[in-house]
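Residue numbers (our numbering), protein chains in the order written: chain A, 1 to 293; chain B, 1 to 438.
Read the hints as simulated data drawn from the structure, not as lab findings.
Please note that the accuracy of each hint is not assured.
[Unchecked claim] As a list, the in silico DSSO-like pairs of lysine-lysine whose alpha-carbon atoms are at most 30 Å apart:
id	chain 1	residue 1	chain 2	residue 2
1	B	244	B	166
2	A	93	B	70
3	A	93	B	85
4	B	65	B	350
5	B	161	B	379
6	B	161	B	136
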Amino acid sequence: MTSNSLSPGVFQNRSLVRWPAFNLEMVLIYIVLLLVLITTIVPFYWMVTTSLKMDEAIFRMPPDLLPSPATINNYQQVFDLMPMGAALVNSIKIAVIATFGTLLSSSMAAYAFAKIKFRFRNVLFFGFLATMMIPGQVTLIPLYILFSRLGWIDTHLPLMVPFMLINAYGVFLLRQFMMGIPDAYIEAARLDGASHLQIYFRIMMPLCKPALVTLGLFSFLGNWNNFLGPLIFLNTDSNFTVPLIINSFRTAYGTNWGLLMAAACVAIIPPLLLYLLAQRFFVQGVALSGLRG
Amino acid sequence: MKRFAPRFMLVVALLIAASLVLSPAAAAPARAELTELVLPLIGFATELPGWQAAVAEANKLLEPKNIHIKTQTVTATTWDEYYQKVSAQLAAGQPLDIGRIAESQMPTVIKKGQAVDLTDYIKDFTDDQVYLSTFKNAAYQNSHYYGIPSGVYNMLLYYNKDMFDKAGIAYPSADWNNGITMDQAREYAKKLTKGEGATKTFGFAAGPYMAFIGQYAVSAGGANVFNKDGQCALTEPESVAAYKWFDSMLRDDKSQPRPTDTKVVSAWDMFKSGRLAMTVDGTWFFSSAKNDIKGFKVGIAAVPSAKGKAYSSQFVDSWLVWKGTKHEKEAWEALKAIYSVDATKALAKKGVGGIPVVKAVLEDKELDIIGSQFSADDKKAFLESLNHTLAVPYNEFYAEADTKVNQVMDNWLLGTVTPEDFAKQACDIIAKVKGAQK
Chain A
1 MTSNSLSPGV FQNRSLVRWP AFNLEMVLIY IVLLLVLITT IVPFYWMVTT
51 SLKMDEAIFR MPPDLLPSPA TINNYQQVFD LMPMGAALVN SIKIAVIATF
101 GTLLSSSMAA YAFAKIKFRF RNVLFFGFLA TMMIPGQVTL IPLYILFSRL
151 GWIDTHLPLM VPFMLINAYG VFLLRQFMMG IPDAYIEAAR LDGASHLQIY
201 FRIMMPLCKP ALVTLGLFSF LGNWNNFLGP LIFLNTDSNF TVPLIINSFR
251 TAYGTNWGLL MAAACVAIIP PLLLYLLAQR FFVQGVALSG LRG
Chain B
1 MKRFAPRFML VVALLIAASL VLSPAAAAPA RAELTELVLP LIGFATELPG
51 WQAAVAEANK LLEPKNIHIK TQTVTATTWD EYYQKVSAQL AAGQPLDIGR
101 IAESQMPTVI KKGQAVDLTD YIKDFTDDQV YLSTFKNAAY QNSHYYGIPS
151 GVYNMLLYYN KDMFDKAGIA YPSADWNNGI TMDQAREYAK KLTKGEGATK
201 TFGFAAGPYM AFIGQYAVSA GGANVFNKDG QCALTEPESV AAYKWFDSML
251 RDDKSQPRPT DTKVVSAWDM FKSGRLAMTV DGTWFFSSAK NDIKGFKVGI
301 AAVPSAKGKA YSSQFVDSWL VWKGTKHEKE AWEALKAIYS VDATKALAKK
351 GVGGIPVVKA VLEDKELDII GSQFSADDKK AFLESLNHTL AVPYNEFYAE
401 ADTKVNQVMD NWLLGTVTPE DFAKQACDII AKVKGAQK
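For reference, chain A alone in the conformation it holds in the complex:
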């Protein structure tokens, strides 16, 4: 008997080896989860492998499961053909500024709607929510005329300023969260002589961290993926954002899949990093603000 062998008695003792009881329900759940996992992973896998394939190997049948030979040529071309570097900087700049603006304006409005009592508060809030029902496309032409008169066309201002000033969804999300914070905190601060601004910054903001992170993530992703706004308002390719660059790999003569997938891989890096960093708060924020389905 080798030193690695175990005495038969170890396995005979049932209390040491705990086999899970066969549970049909659990098996079915795992099968469904596995199928969902596959449908989620396969497009992602296809995107990454396609970005590393030579052009002629992309639609080879049977397909190569791994790129052979793997090439980074598509990535090089994405940066050579279009100003992808500038687009990344532009997208990050727009998404970050618009997100911080959204967080600031939405949280202040939410605080007012949740914690300050004033006449017509609910009417005003529902009127505010009603703006969420208007599709963005409807306001595009008036906005274009407005921004054109302001001299903002082909600048990033139309993509940041409106989001910094108003975001009904953000106000709704944060108001829901703030409603759950006991008024006792605010009353105690008032007794200490704190103003609304001080209560907002010192008490509400730290308590709303999960909801702020959630809204920040939604806002960042919304601005990062915004295609229609840049399409309408930007003309110079050095001002372009990432979605416009990705779209440029589709032409009247066909789609350049290798370049498109390489650009898509580059484009997901910043949101992916952000999600990984904010994951803990994100789950908490979604759960506590009642957004969970």
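Mind docking chain B on chain A? Use the hints.
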């Protein structure tokens, strides 16, 4: 607690300042001494560097004249989208000076009075410099020129030499006066079709669109979409025979991929991956055939024809001067600079823009536009195709009719209607669109 108010004000001020300072508008330099001409270019990533290189060369020539071309990139995936966006910009009073647009859009541009009449300016060009014959395309109407060619695209038969070698079939002819017939192409396609399902390799693919059907119908002695009276000719025997030829390969031989096969993987992608033996497509894919395909040898031949004499549909995109420009003369100077040998060479080096119309560039042996990997026969087929081009009969209702005909084409390609019924439907659509525009 009072220190929070200034801190809050600081955050707000910083956000606003950052958005204003980081905005490109704030950094835009004023160049009042220059005449700056705005050129909106369609934003196809694979082509933009070529056009921008040509504009950069043109700008060097324009510098002493105090003229500068500023390009704008119009994000669009089709020429229809590009034209819509440019039209909206013109309507909104945006200052656009020069442009480049597909031939299919030119009749509408001219009809709407959006292009400057360049007839008097064109006298600056001589036949020694440029191929003047190419100037007579959809941009030439009622003896007036509203655009000048930015390059010529036309149709070729691309084939996979390795697949032909393996099947022991002789290569299709490079001679446009004695090319392979449509019947021969069908036979070759049948022999070259192998396998089933996802791994199937097809023998032949081509689009039976209005812009391409003429090359087959004319080779049989028929008309190119419209007959001499200007009526729809798609129901005439020569056009119907061409549709039936496609139908036989789709349904009887199954040697041509159906729309369901090409929905995601286009015919050109199939060809590149070695799953298609022959494809009739435009010179817009020539650069891809030259640079992207490494796994097999690509051949070029004459487009199949009814009797041997082959035709190649031709597409001539145009440079134009947008009406409403405040700098018409400078705009013409800019177009002349874009037509210079240096600018055209810069474009050709990137393999963009189709066949150049500037003679010195096309004839430049060092530049070797076609590429050394192609055989003498392939080169001959490529160059001779220019003597067999067939202008697509674009008119002011063509683009709209074409879109609507394409919408019903799948019914035929998927076997719901016969080729004859489809041809009738197409003519009905053309008549309706023509009637509505009148």
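Comparing the hints with the structure gives:
no.: 1; hint: 244/B <-> 166/B; result: holds (29 Å)
no.: 2; hint: 93/A <-> 70/B; result: holds (25 Å)
no.: 3; hint: 93/A <-> 85/B; result: holds (26 Å)
no.: 4; hint: 65/B <-> 350/B; result: holds (27 Å)
no.: 5; hint: 161/B <-> 379/B; result: holds (15 Å)
no.: 6; hint: 161/B <-> 136/B; result: violated (36 Å)
In summary, the one numbered hint that this structure violates is 6.
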